[in-house]
Amino acid sequence: MFKSKTKILQLAVTLSACAFLLVPTILSVMAGLTANYFKGISSGLTLKWIYQVWELYADSIFLSLWLAFACLICTLIIGLPAAYGLARNPGWLSRLLEEFISLPLAVPGLALALALLQLYGSMKGFRASWTFILVGHVLYTLPFMVRSILAVLAAMDLKTLEEGAATLGASPWQRFRDIVVPNAMPGILAGSLTVVTLSIGEFNLTWMLHTPYLKTLPVGLADSYASMRLEIASAYTLVFFILIVPLLMAMQWASARAQRIAQ
Amino acid sequence: MSNRTFVMACLAPLLIFSLAFLALPLVRLFLASGEGDAGWAIYLDILRKPRYLNTLVLTVLVSLATTFAALAVSTTAGMFLVRNRFRGRGTLLSVLTLPLAFPGVVIGFLIILLGGRQGLVNQLTPGHVVFAYSALGLFLGYLYFSIPRVLLTVMAAAEKLDPSLEEAARTMGASPYRVVIDVILPGLMPSLIASGAIAFATAMGAFGTAFTLATNIDVIPMVIYTEFTLSANIAMASALSIVLGIITWILLLIARSLSGSTVAAGG
Chain A
231 MFKSKTKILQ LAVTLSACAF LLVPTILSVM AGLTANYFKG ISSGLTLKWI YQVWELYADS
291 IFLSLWLAFA CLICTLIIGL PAAYGLARNP GWLSRLLEEF ISLPLAVPGL ALALALLQLY
351 GSMKGFRASW TFILVGHVLY TLPFMVRSIL AVLAAMDLKT LEEGAATLGA SPWQRFRDIV
411 VPNAMPGILA GSLTVVTLSI GEFNLTWMLH TPYLKTLPVG LADSYASMRL EIASAYTLVF
471 FILIVPLLMA MQWASARAQR IAQ
Chain B
27 MSNRTFVMAC LAPLLIFSLA FLALPLVRLF LASGEGDAGW AIYLDILRKP RYLNTLVLTV
87 LVSLATTFAA LAVSTTAGMF LVRNRFRGRG TLLSVLTLPL AFPGVVIGFL IILLGGRQGL
147 VNQLTPGHVV FAYSALGLFL GYLYFSIPRV LLTVMAAAEK LDPSLEEAAR TMGASPYRVV
207 IDVILPGLMP SLIASGAIAF ATAMGAFGTA FTLATNIDVI PMVIYTEFTL SANIAMASAL
267 SIVLGIITWI LLLIARSLSG STVAAGG
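Heads up: the protein sequence lines correspond to chains A and B, in order.
Quick note on this note's numbering: the first sequence kicks off at 231 and runs consecutively.
Quick note on this note's numbering: the second sequence kicks off at 27 and runs consecutively.
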C-alpha cells in the first residue's frame with residue numbers, strides 16, 4: 231500500500247515524530263524503574279525509587295488531588311449557571327464577557343500570577359493558604375468549563391424547550407434543574423474532566439503562588455528535577471504519568487462525544 | 027423570581043469572580059509597570075536596553091523556529107494519518123497526542139533525558155554532546171509541546187478537504203508537488219495560520235519548559251521571573267508581562283477567528 235515515494239516520505243516523518251515524542255517518555259519510565267540508570271538496565275529493575283517518591287512527595291500528590299477536586303466544584307458552581315446565562319443572552323455583551331474570561335487561556339500563567347500576587351500578596355492569611363493556589367487554578371480552568379457547556383447548550387433549542395416547560399408551570403429554577411442541567415450533561419462531563427486534568431498538571435501559575443509548605447505535584451516535580459537524583463525524578467514523573475494519562479484519555483473521549491452532540 | 031432576573035443571577039458568580047481575580051489584578055499589574063524609576067518610559071526601556079532587547083529577539087527567533095518546524099512535521103503527519111487507513115494508525119495517533127497533558131516542566135525533563143549530561147545522545151555518541159541547556163534544547167522542548175496541538179488542528183481541517191479536488195488536479199497532469207502547493211496548502215491555510223499562531227504564542231509564553239532548560243540562556247518568561255524574584259524589579263517584571271500578554275492574546279485572537287477552536291495553551 232505504501233508504494234509511492236511521497237507516501238514513504240510521509241510515513242518516515244510521521245514515525246520520526248512518534249519516536250521523538252515516545253523515546254524520552256520510555257527513557258523516563260525506564261529510569262524510574264532501574265536500580266542505577268547510569269549503569270543501565272543490567273543493574274536490575276526495582277520499585278525502591280517509587281517508594282522513595284511516595285515517602286518524599288505523598289503530601290504534594292494529595293494536595294494536587296484535593297486542589298483538582300476543589301477546583302472542579304468551584305468551576306461547576308461558577309461555570310454551569312454562567313454558561314446557561316450566556317446561552318440565554320446571545321449578544322455582543324455576552325461575547326465580550328466570554329472573551330474576557332478566556333484571557334487566562336492566552337495570557338501566560340506567569341503574568342496572571344504576578345497580577346494576583348501584587349493585588350493580594352499583602353493579605354498574609356490568604357496568600358499563605360491553599361485557597362490562593364485554588365484561585366489561580368479556577369482562573370485558568372474556568373473558561374474550559376464555560377465553553378464546554380456553552381457549546382452543548384448553544385446547539386440545542388433551549389428557548390422552545392423552556393417555553394414548553396414554562397407553559398406547564400415550571401419555575402425558572404425548575405427549568406434550570408430539570409431541563410438545562412440534564413441536557414448539558416455531555417458538556418459538563420467533558421468540561422469536568424478537562425478541569426481536573428489541567429488542574430493536576432498546572433505549573434506556571436502554581437509555581438509563583440505556592441509557599442514552601444504547599445507544594446503541588448508539578449511543583450514537586452520541578453523540585454525533584456533540580457535537586458534529586460535522576461532515578462527519583464523519573465520515578466516521580468512515572469507516578470505523574472500513571473495519574474494523568476487515563477485522565478487525558480477520558481477527557482478526549484468525553485470531548486469528542488460532547489462535540490458530536492453539539493453538531 | 028422573573029425569568030430575566032434568574033438568568034442575570036446565573037451570571038453573577040462569574041462576574042464577581044472575574045472582577046475580583048482577573049480584572050482588578052490585571053489593572054494592578056498595569057499600574058505597577060509604571061511605578062518604577064523610569065515611569066511609563068519603562069516600555070521604551072524594553073527596546074532600548076540590550077539585555078531586554080536581546081532576550082526578546084532570541085525568544086522570537088526560537089518561537090518562530092518552533093512554529094515552522096511544528097507546522098512542517100504536523101502537517102505532513104496529519105495529512106498522512108487522515109488520508110491513509112492502516113493497521114496501527116490509532117496507535118500512532120495516540121502517541122502523537124499523548125503529550126497534550128504533559129506540563130512544560132515534564133517536557134523539559136524529557137529533553138534532559140535526551141540531551142542532558144546523562145542523556146541518551148551523550149551515551150550513544152562519542153564525545154560530550156549535551157544540548158539540553160542550549161537554544162536547541164529549548165527549541166526541541168517547545169516543538170515537543172507544539173506537535174500534538176498543531177496536529178489536532180490540521181487534522182480537523184484536513185478531514186474537511188475534498189479529495190476529489192486533488193484527484194482532478196492529478197488527472198489534469200499536476201505533479202504531486204504541484205498538488206500540494208496549489209490544492210492542499212491553500213485548503214489548509216486558515217488552520218495552518220491558526221495553529222501556527224497558537225504554537226508561536228505558547229512558545230513565547232512557555233515558562234515550565236524554560237524553567238527546567240534555560241539555565242544558561244535568557245528567554246522572556248525567565249527574565250520576568252528573575253526580575254521579580256531575584257532583582258525585585260517589579261515594574262520591569264510587570265511591563266514585560268503586559269507586553270508578553272498582549273502579544274500572545276492578539277495571536278490567539280487571530281487563531282480563534284480563523285479556526286474557531288481553542289486548544290489549551292498553558293505550558
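In case anyone wonders, no lab produced these hints; they're calculated from the structure.
Here the structure is a predicted model, which is why all the values come from computation and not from measurement.
The C-beta atom is built at its ideal place from N, Cα and C for all residues, glycine as well.
There may be inaccurate statements among the hints.
Unchecked claim - Chain B is nowhere near these chain A residues, computed Cβ spacing over 10 Å in every case:
{"#": "1", "residue": "243"}
{"#": "2", "residue": "248"}
{"#": "3", "residue": "365"}
{"#": "4", "residue": "444"}
Stated by the list, open to error - Derived Cβ-Cβ restraints for the label pairs, each shown as a range:
{"#": "5", "chain 1": "A", "residue 1": "234", "chain 2": "B", "residue 2": "75", "range": "35 to 45 Å"}
{"#": "6", "chain 1": "A", "residue 1": "356", "chain 2": "B", "residue 2": "152", "range": "52 to 62 Å"}
{"#": "7", "chain 1": "A", "residue 1": "321", "chain 2": "B", "residue 2": "45", "range": "16 to 26 Å"}
{"#": "8", "chain 1": "A", "residue 1": "391", "chain 2": "B", "residue 2": "147", "range": "39 to 49 Å"}
{"#": "9", "chain 1": "A", "residue 1": "286", "chain 2": "B", "residue 2": "75", "range": "19 to 29 Å"}
Structure-based check of each hint:
Residue 243 (chain A), annotated as away from the interface, has a beta carbon of chain B within 10 Å; the closest lies near 4 Å. With a least CB separation of 5 Å from chain B, residue 248 (chain A) falls inside the 10 Å interface cut-off, contrary to its annotation. Distance check for residue 365 (chain A) against chain B: the nearest CB is about 5 Å away, which does not clear 10 Å, and the non-interface claim fails. Non-interface status of residue 444 (chain A) relative to chain B is upheld: no Cβ of that chain comes within 10 Å, the nearest being about 17 Å off.
Roughly 54 Å separates the CB atoms of residue 234 (chain A) and residue 75 (chain B), a value that falls outside the hinted 35 to 45 Å. In this structure the supplied range 52 to 62 Å holds for residue 356 (chain A) paired with residue 152 (chain B), their Cβ-Cβ distance being about 56 Å. Judged by the Cβ atoms, the range 16 to 26 Å given for residue 321 (chain A) and residue 45 (chain B) holds: they are separated by roughly 20 Å. Take residue 391 (chain A) and residue 147 (chain B): their Cβ atoms lie about 60 Å apart, and the range 39 to 49 Å is violated.
Remark: the range hint 19 to 29 Å for residue 286 (chain A) to residue 75 (chain B) is contradicted by a beta-carbon distance near 42 Å.
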